[in-house]
Amino acid sequence: MHDNSSSPQPEKWVGKSMRRVEDVRHLTGRGLFVDDIERPWILYAAFARSSFGAARIKEVTVEEALKVPGVETVITSSDLGGIPGLEPLLERPEFVPVTMPLLVGETIRHAGEPVAMVLASSPHAAEDGAEAVSIEYEPLEPVVSLDAALAEGTRAVHEGMNDNVLLDVIDPDDPELEKILEQAPVVVDATFDSGRQSAAPMEMRACLAEWDAREDTLILHTSTQVPYVVRTAISDVLGLPQQRVRVVAPDVGGGFGQKCVVGREEVLVSIAAQRMGRPVKWTEDRQENLTAAFHGREQRYEARAAFDEEGRLLALRTDIVCDVGAYSCYPFTCGVEPLMAAAEMPGPYRLPRYWSRARAVTTNKVPMAPYRGVSRPQFTFVMERLMQKAAKQIGMDAVEIRRRNVITADEFPYESPTGIVYDPGSYLESLEKCAEVMDASGWERKREDARSEGRLVGLGFCCFAERTGYGTRAFALRKMAITPGGDNARLRMDPSGHVIVSVGTCGHGQGHQTTLAQIAADQLGINPDRITVRQGDTESTPYGWGTFASRSAVIGGGATKKAAVMLAERVKEVASHLLEAAPGDLSIEDGKVFVNGSPDRFVSVAKVARAVHVEPHLLPEGELGTLDATAGFDPPGTFSNATHGAVVEIDPETGAVRIDRYVVVEDCGVVINPMIVEGQVRGGVAQGIASALYEQLIYNDEGQLVTSTLMDYLIPTTMEIPPIEIFHLETPCEFSETGAKGMGEGGTIGAPGAIANAVADALSHLGIEVDRLPITPDRLRAAIKESRAHGGVRL
Amino acid sequence: MKPAAFEYRKASTVEEAVEQLTQLGDDAKLLAGGQSLVAMMNFRLVRPSALVDVKGILDLQYVEANGEGLKIGALTPHRWIETMEDPGVLEGFSVLKSAARWVGHYPIRTLGTFGGSIAHADPSAEWCMLATLLDAEMVVVGPGGERMIPASDFFQGFFTTALEPDEMIIEVRFPEPAPYAALQEFARRAGDYGIVAAAVALDLQGGECRSARVVLGGVSDVPLRIPEAEQVLEGADIGQEVFKEAGQEAAKVIDPPSDVQGTAEYRRDLAATLIQRALTEAVAKVKEAADAR
Numbered sequence: 018m019h020d021n022s023s024s025p026q027p028e029k030w031v032g033k034s035m036r037r038v039e040d041v042r043h044l045t046g047r048g049l050f051v052d053d054i055e056r057p058w059i060l061y062a063a064f065a066r067s068s069f070g071a072a073r074i075k076e077v078t079v080e081e082a083l084k085v086p087g088v089e090t091v092i093t094s095s096d097l098g099g100i101p102g103l104e105p106l107l108e109r110p111e112f113v114p115v116t117m118p119l120l121v122g123e124t125i126r127h128a129g130e131p132v133a134m135v136l137a138s139s140p141h142a143a144e145d146g147a148e149a150v151s152i153e154y155e156p157l158e159p160v161v162s163l164d165a166a167l168a169e170g171t172r173a174v175h176e177g178m179n180d181n182v183l184l185d186v187i188d189p190d191d192p193e194l195e196k197i198l199e200q201a202p203v204v205v206d207a208t209f210d211s212g213r214q215s216a217a218p219m220e221m222r223a224c225l226a227e228w229d230a231r232e233d234t235l236i237l238h239t240s241t242q243v244p245y246v247v248r249t250a251i252s253d254v255l256g257l258p259q260q261r262v263r264v265v266a267p268d269v270g271g272g273f274g275q276k277c278v279v280g281r282e283e284v285l286v287s288i289a290a291q292r293m294g295r296p297v298k299w300t301e302d303r304q305e306n307l308t309a310a311f312h313g314r315e316q317r318y319e320a321r322a323a324f325d326e327e328g329r330l331l332a333l334r335t336d337i338v339c340d341v342g343a344y345s346c347y348p349f350t351c352g353v354e355p356l357m358a359a360a361e362m363p364g365p366y367r368l369p370r371y372w373s374r375a376r377a378v379t380t381n382k383v384p385m386a387p388y389r390g391v392s393r394p395q396f397t398f399v400m401e402r403l404m405q406k407a408a409k410q411i412g413m414d415a416v417e418i419r420r421r422n423v424i425t426a427d428e429f430p431y432e433s434p435t436g437i438v439y440d441p442g443s444y445l446e447s448l449e450k451c452a453e454v455m456d457a458s459g460w461e462r463k464r465e466d467a468r469s470e471g472r473l474v475g476l477g478f479c480c481f482a483e484r485t486g487y488g489t490r491a492f493a494l495r496k497m498a499i500t501p502g503g504d505n506a507r508l509r510m511d512p513s514g515h516v517i518v519s520v521g522t523c524g525h526g527q528g529h530q531t532t533l534a535q536i537a538a539d540q541l542g543i544n545p546d547r548i549t550v551r552q553g554d555t556e557s558t559p560y561g562w563g564t565f566a567s568r569s570a571v572i573g574g575g576a577t578k579k580a581a582v583m584l585a586e587r588v589k590e591v592a593s594h595l596l597e598a599a600p601g602d603l604s605i606e607d608g609k610v611f612v613n614g615s616p617d618r619f620v621s622v623a624k625v626a627r628a629v630h631v632e633p634h635l636l637p638e639g640e641l642g643t644l645d646a647t648a649g650f651d652p653p654g655t656f657s658n659a660t661h662g663a664v665v666e667i668d669p670e671t672g673a674v675r676i677d678r679y680v681v682v683e684d685c686g687v688v689i690n691p692m693i694v695e696g697q698v699r700g701g702v703a704q705g706i707a708s709a710l711y712e713q714l715i716y717n718d719e720g721q722l723v724t725s726t727l728m729d730y731l732i733p734t735t736m737e738i739p740p741i742e743i744f745h746l747e748t749p750c751e752f753s754e755t756g757a758k759g760m761g762e763g764g765t766i767g768a769p770g771a772i773a774n775a776v777a778d779a780l781s782h783l784g785i786e787v788d789r790l791p792i793t794p795d796r797l798r799a800a801i802k803e804s805r806a807h808g809g810v811r812l
Numbered sequence: 293m294k295p296a297a298f299e300y301r302k303a304s305t306v307e308e309a310v311e312q313l314t315q316l317g318d319d320a321k322l323l324a325g326g327q328s329l330v331a332m333m334n335f336r337l338v339r340p341s342a343l344v345d346v347k348g349i350l351d352l353q354y355v356e357a358n359g360e361g362l363k364i365g366a367l368t369p370h371r372w373i374e375t376m377e378d379p380g381v382l383e384g385f386s387v388l389k390s391a392a393r394w395v396g397h398y399p400i401r402t403l404g405t406f407g408g409s410i411a412h413a414d415p416s417a418e419w420c421m422l423a424t425l426l427d428a429e430m431v432v433v434g435p436g437g438e439r440m441i442p443a444s445d446f447f448q449g450f451f452t453t454a455l456e457p458d459e460m461i462i463e464v465r466f467p468e469p470a471p472y473a474a475l476q477e478f479a480r481r482a483g484d485y486g487i488v489a490a491a492v493a494l495d496l497q498g499g500e501c502r503s504a505r506v507v508l509g510g511v512s513d514v515p516l517r518i519p520e521a522e523q524v525l526e527g528a529d530i531g532q533e534v535f536k537e538a539g540q541e542a543a544k545v546i547d548p549p550s551d552v553q554g555t556a557e558y559r560r561d562l563a564a565t566l567i568q569r570a571l572t573e574a575v576a577k578v579k580e581a582a583d584a585r
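Heads up: the protein sequence lines correspond to chains F and R, in order.
Here the first sequence stands for residues 18 to 812, numbered as in the working numbering.
Here the second sequence stands for residues 293 to 585, numbered as in the working numbering.
In case anyone wonders, no lab produced these hints; they're calculated from the structure.
Honestly, I wouldn't trust all of these hints.
To be verified - Here are the in silico distance ranges between beta carbons for each label pair: (1) Glu-557/R - Ala-498/F: 48 to 58 Å; (2) Glu-470/F - Arg-502/R: 29 to 39 Å; (3) Arg-47/F - Ala-331/R: 19 to 29 Å.
Keep in mind it's a predicted model, so treat the numbers as computed, not measured.
Backbone N, C-alpha and C define an ideal beta-carbon position, used for all residues, glycine too.
Construct the entire structure; sequences and hints are all you get.
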């Protein structure tokens, strides 16, 4: 039990592994996703997409497409009549805004860009029509790699620009840093790369737009994490007032960030429904999702870190380059990866001096959007590799060097060199616990014993701090024209004493219907099964920013708790008339409002609800109306933390990496539902292992994605992911209402660093540096061979 | 990922299937388990004008050992091979059962068929490799009746076989038991096609190898026999040294492709390693057999 709660109620439901309310419908196939929604007289959309990575469009011919049976119409750029594309903005002088056209009419900037939208009476006919659209191209030299994009004299991806840099920020600057690096006794210097990935949600993008003539309103059902953001974008582009656009997210089968931005297809389908006066549905397929939906994670870090002889970090210099693809994502912009990386790179470590340059570089590839963890899996991998390299250089144990550098209990609140304030966490404690569980002290002998048998085994650690629950002040520092932050919850008790919790957050698989009900249930003294959580509908929920950046438990949960406390007060106020006692003398528990000290003087919550609604004659005059409460919550941001540990064995002949053990010691403050938290950790670790060992979107020199199916883009399955042992520490957040910290992204953040360090440890005697993700068997095998032949290799 | 339009027919006998193939012309395809064909149609990589669905011909689901050889009905699901228990079959053909675990994922193994995989002719498919390794014969029926095609003639290139457009495989025959055979494969994920796969069969007398067969998958457009590796083994005293040499010999003579999963050099290394491992597994069966006796 934590002591910072404003709650007068004992916590009965928070902390329990309640079964997820969502599971029955999802596990029995009765969920309602966008594609499950049917409408009479509907049209299906399919897109003719560019087969070139960079080209000028000479001509688009739609005659053949119009002849395909079932095709109703084909819309091209010239039919859009000057409707603008999506142009997200940062209010920074270093930022170059670019517009993502809805349909391309002139310049193709990545393979898979939509050129024409075909509307037909069946999905098959729509695809036949899309195939029959003829596009004549004048190919341009594609700008595919970071190196090419940054090279002198390379063609600019966006005409009118002199280079391919959309954002270039030096922050913080530190004129003395070079001197410190020159004079430091230990300097580690390396370049790190991470592969491009897709969030690859199980449900791909999908939307259904229809025009409601009765209310003269556009209704868009879309698979999104951010209904209100989608509403703003569509309202702006279509020139409709916001109240005439309703956006609904039904069940959403995962998003991981790919759906916290607005896709042009969502806007186009809305335009089509408005024009045709008929419902229009688009359901993305997997190949389209891989070739046209947002990517992320392709980054390079040139890092230099200085340490003293005792292994204490003195200074860090990083030059961060993010390949953001062809456009900025709405609303976050292409700054989301580089700015996150620069601001939060120091992680859980005490860093006296820091210099960072962060750039967003545009290429002829699919645009980047935030993907679970957003840069943190990459810079944590970099920091943790730097720690490991420094330890090796000094001859120090991997745990010891971290022990000397993590921020400790007496230093909180700690302010980082980028001005971010860390609330208390358990950085040292999680490290010690993980080291103990992994038996780190006896590791070296085990590794040497294995080597003497010709086996390559390694142990790796990864410590990280995960900033979550970003409120307005935190986001405002990014300088986005559209700045997310706080969120709202509205609770309403019905005449039977049941409660509807409406929130602006928008769960898409995380179990919010369960956890938010647990939070409200404790405050209202009723069973969670009497609480319905409503989310994902701009008509029926209070204004809010949706679900991303590990914000919902902290912000949505905080708003829910505040509103629940207010509603409980209101229930007591009404009950005080029925019980003839002062509201302050009442408590609510097990569905009853009772007089403190006299448990038999009670009235049921249901009776209170009934009195307010249908028996107002029992109450004093003026006690009419409803039982409801609305509250907002906007925290400054709070840090979760964890240490991950991994043991791997490498097959030197095939280069295969097998994970023999995986341990997570995490601290997300008060755990609302341990089962759900552990599920989030496991899913996150699986995606992190994917970054470390499996997934990479690869473009060839022509700008074609060559990994465009799940046979080539290797999402690991349950067969590849080992059992994950999870341990919890609880450092309650001091200002999050519930004591909880966000934790939706942590698993993805820790795994790449832990796996890379374990692989590096296994190969430490071979001089192989593991500085590039993913670590693939062919490269690993080649490095082992090369090292045996010639010595040190950068993998 | 919706297929181009096609006509759908259902056949309930082999004769009916062949008749329909003849009527529908060269662009018609048979649909069995659909585990490769349907995906390729959804990608529009293939566009058959018509499908003749033969899934309902249940007479073609069987695994029969008669005396020496083994007969597998063309529509037998992979899962049947994976779970077969008949000691008469397992004695000579346990390699089929142990190789079945490499075939795709569980749902693929329950739906996909033995004959379907052979007809699809992916050069790294386990059944195609074992057919080549063990000199299997495909029993096919066409408008002119039945004929037999040996594996060495059957596989002609990527997804290309000696089958005529109006012919259907009804059975695959493995003529002789192969008690000392094994298949090893390497893929980055369980269930994927192997980047490289190696299948071996040995005829052993005491510690000496009288004859050997070595087949590689994933290194060429067909399951590839490697006579150079076989020669290393023939007449040699079996053991890790000669196994390694056989693998290295194979690595020298193949000309595998390079792609995002690995370079040609990596595939050569894998070929050597997997041949060595498959030989080790095959020989371990000698010991198992001895222990069983």
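Hints, verified against the model:
Separated by about 51 Å at the C-beta atoms, Glu-557/R and Ala-498/F satisfy the suggested range of 48 to 58 Å. Here the CB-CB span from Glu-470/F to Arg-502/R is close to 34 Å, well matched to the stated 29 to 39 Å. Hint check: Arg-47/F to Ala-331/R, Cβ distance near 27 Å, so the stated range 19 to 29 Å holds.
The structure fails none of the hints (numbered hints given earlier).
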